[in-house]
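Trainee: One letter stands for each residue in the lines below.
2 protein chains.
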Amino acid sequence: MSLNGLHKLSYGLYIISSKMGDIYNGQIANASIQVTSDPATIAVCINKKNYTHEFIKDSRAFTVSILAQDTPMDLIAKFGFNSGRDVAKFDGIEFKAGKTGAPTELAHCVGHIEADVISSTDVGTHTIFIAKVVDSVVYNKKEVLTYDYYHKVKKGATPKTAPSYIPSSANHVCKICNYEYNEKVGDEKAAVPSGTLFEDLPNTWVCPVCGADKSNFS
Amino acid sequence: MSLNGLHKLSYGLYIISSKMGDIYNGQIANASIQVTSDPATIAVCINKKNYTHEFIKDSRAFTVSILAQDTPMDLIAKFGFNSGRDVAKFDGIEFKAGKTGAPTELAHCVGHIEADVISSTDVGTHTIFIAKVVDSVVYNKKEVLTYDYYHKVKKGATPKTAPSYIPSSANHVCKICNYEYNEKVGDEKAAVPSGTLFEDLPNTWVCPVCGADKSNFS
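Line by line, the protein sequences are chains A and B.
Here the first sequence is numbered in the working numbering, starting from 1 and rising by one per residue.
Here the second sequence is numbered in the working numbering, starting from 1 and rising by one per residue.
Mixed in with the good hints there might be a few duds.
One copy or any two copies: either way a pair holds, since identical chains are not told apart in the list.
When the alpha-carbon atoms are kept at most 25 angstroms apart in a straight line, the in silico DMTMM-like pairs for lysine to aspartate or glutamate are as follows [what the hints assert, rightly or not]:
(1) K154 / E143
(2) K49 / E180
(3) K142 / E54
(4) K142 / D74
(5) K175 / D38
(6) K49 / D38
(7) K141 / E188
(8) K57 / D122
(9) K132 / D148
(10) K155 / E199
(11) K160 / D86
(12) K155 / E143
(13) K154 / D213
(14) K48 / D38
(15) K155 / D38
These are computed hints drawn from the structure, not numbers from a lab.
As the structure is a prediction and not an experimental result, all values here were calculated from the model.
Could you put the whole structure together from the sequences, leaning on the hints where they help?
Mentor: Shown next as structure tokens:
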């Protein structure tokens, strides 16, 4: 059975954030939709393994920071390819705590939505949290970052914990973030010319998306 | 409380279809996402008032036909602004019945996903159906139609039963499909020049989106 059609669904790219105790945490997600208009409710789909899942279960609230198209890849890498168990996600980030206490990123978003969880649905590896919107702001008129633009133009990768993750059959794939090193292309960010074999990359070379070293590549 | 941020979530535009008895039916929806990758499952959010809701509850299966950017507006109007209670949705439509019996539109889609419902979540006015993917095909390399493109470029409207519906405060709004007649713009489709007052439109003029006559405008 083919799963190719699943790649053709359209999404945005968001930071889903929450607060537990004194800790702010967040992660990248694409699966967030409005589910009713009266009252306004939204749904987000979060992997049970993710630290943010614990936060939302505990606090019963979250924010959706809606990323702009010009969001730098290192912000996406920080929130998308690191766990809040290892990294203080909001350290060094410009943010605001909302009505529920959950934080929203301010420097690279077009707006945010803040919501109180009213129910949750277990869907196996993930939970769908359904939440009533308690606040929502638009900051600017920038283009939003779509999942399609992230993949096609920004050449972004999909973490293994995403609902839309598909295992790769390619060589030289980062086990952390699923980035594929393509020998025909090289790595512009690290000034590695096209045609450079993976084995010829210096040991100081790191994944351009998540910063993992060569030993993390399959 | 502002709800403006909700407009900044990204979606595609899909025909969600199902079969009940010998009848094929379908509707336009934007709220469809993948929720897990192993096994591959998707979610769709459907208004309880819609005829398609009955079909999915009865057959426990549906398809997602993923519309291409060049989909004609009259196809969207047929599936989006008419009820299957009044109109035989698949009459005159090129389609294929899948493994579950549910039909997929063939002439204007980039691909489809077919799925068996495994659970449903009541979210008030709507139901979220969670379904295991049983088939999925990509037909071509056309651009997909996003909800943003539908609004901004195709000037499409949002039906009242959509999760993302927002009541309009404008004059001259179609009560059927929520299309707004703008006197400054006119109606290119009907060769109505810009600056034409609504009251000066001929009685033969109909809504360019859904075909409703002038008496259906508020």
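Trainee: State for each hint whether it applies.
Mentor: Outcome of the hint check:
For a Cα distance limit of 25 angstroms, the shortest separation of K154 from E143 qualifies both inside one copy, at 14 angstroms, and across copies, at 18 angstroms. For the homomeric pair K49 and E180, the shortest alpha-carbon distance inside one copy (24 angstroms) is at most 25 angstroms, but the shortest distance between copies (46 angstroms) is not. Neither within a single protomer nor between protomers do K142 and E54 lie at most 25 angstroms apart by alpha-carbon distance, with minima of 32 angstroms and 40 angstroms respectively. In this homomeric assembly, K142 and D74 come within 25 angstroms of each other (Cα to Cα) only inside a single copy, at 19 angstroms, whereas the closest approach across copies is 31 angstroms.
For the identical chains of this complex, K175 and D38 are inter-copy neighbours only, at 18 angstroms across copies versus 43 angstroms inside a copy, given an alpha-carbon limit of 25 angstroms. Proximity of K49 and D38 under a CA criterion of 25 angstroms is satisfied inter-copy only: 14 angstroms between copies versus 32 angstroms inside one chain copy. In this assembly of identical chains, the alpha carbons of K141 and E188 never lie at most 25 angstroms apart, being 30 angstroms within a copy and 27 angstroms across copies at closest. Taking the shortest alpha-carbon separations for K57 and D122, both the intra-copy value of 12 angstroms and the inter-copy value of 19 angstroms come in at or below 25 angstroms.
For the identical chains of this complex, K132 and D148 are inter-copy neighbours only, at 23 angstroms across copies versus 27 angstroms inside a copy, given an alpha-carbon limit of 25 angstroms. In this assembly of identical chains, the alpha carbons of K155 and E199 lie at most 25 angstroms apart only when taken from the same copy (22 angstroms versus 52 angstroms across copies). For the identical chains of this complex, K160 and D86 are intra-copy neighbours only, at 17 angstroms inside a copy versus 45 angstroms across copies, given an alpha-carbon limit of 25 angstroms. For the homomeric pair K155 and E143, the shortest alpha-carbon distances inside one copy (18 angstroms) and between copies (18 angstroms) are both at most 25 angstroms.
Within a single copy, K154 and D213 get their C-alpha atoms as close as 21 angstroms, which meets the 25 angstroms cut-off; across copies the closest is 46 angstroms, which misses it. Proximity of K48 and D38 under a CA criterion of 25 angstroms is satisfied inter-copy only: 13 angstroms between copies versus 29 angstroms inside one chain copy. Proximity of K155 to D38 under the C-alpha cut-off of 25 angstroms is restricted to the inter-copy arrangement: shortest distance 24 angstroms between copies versus 38 angstroms within a copy.
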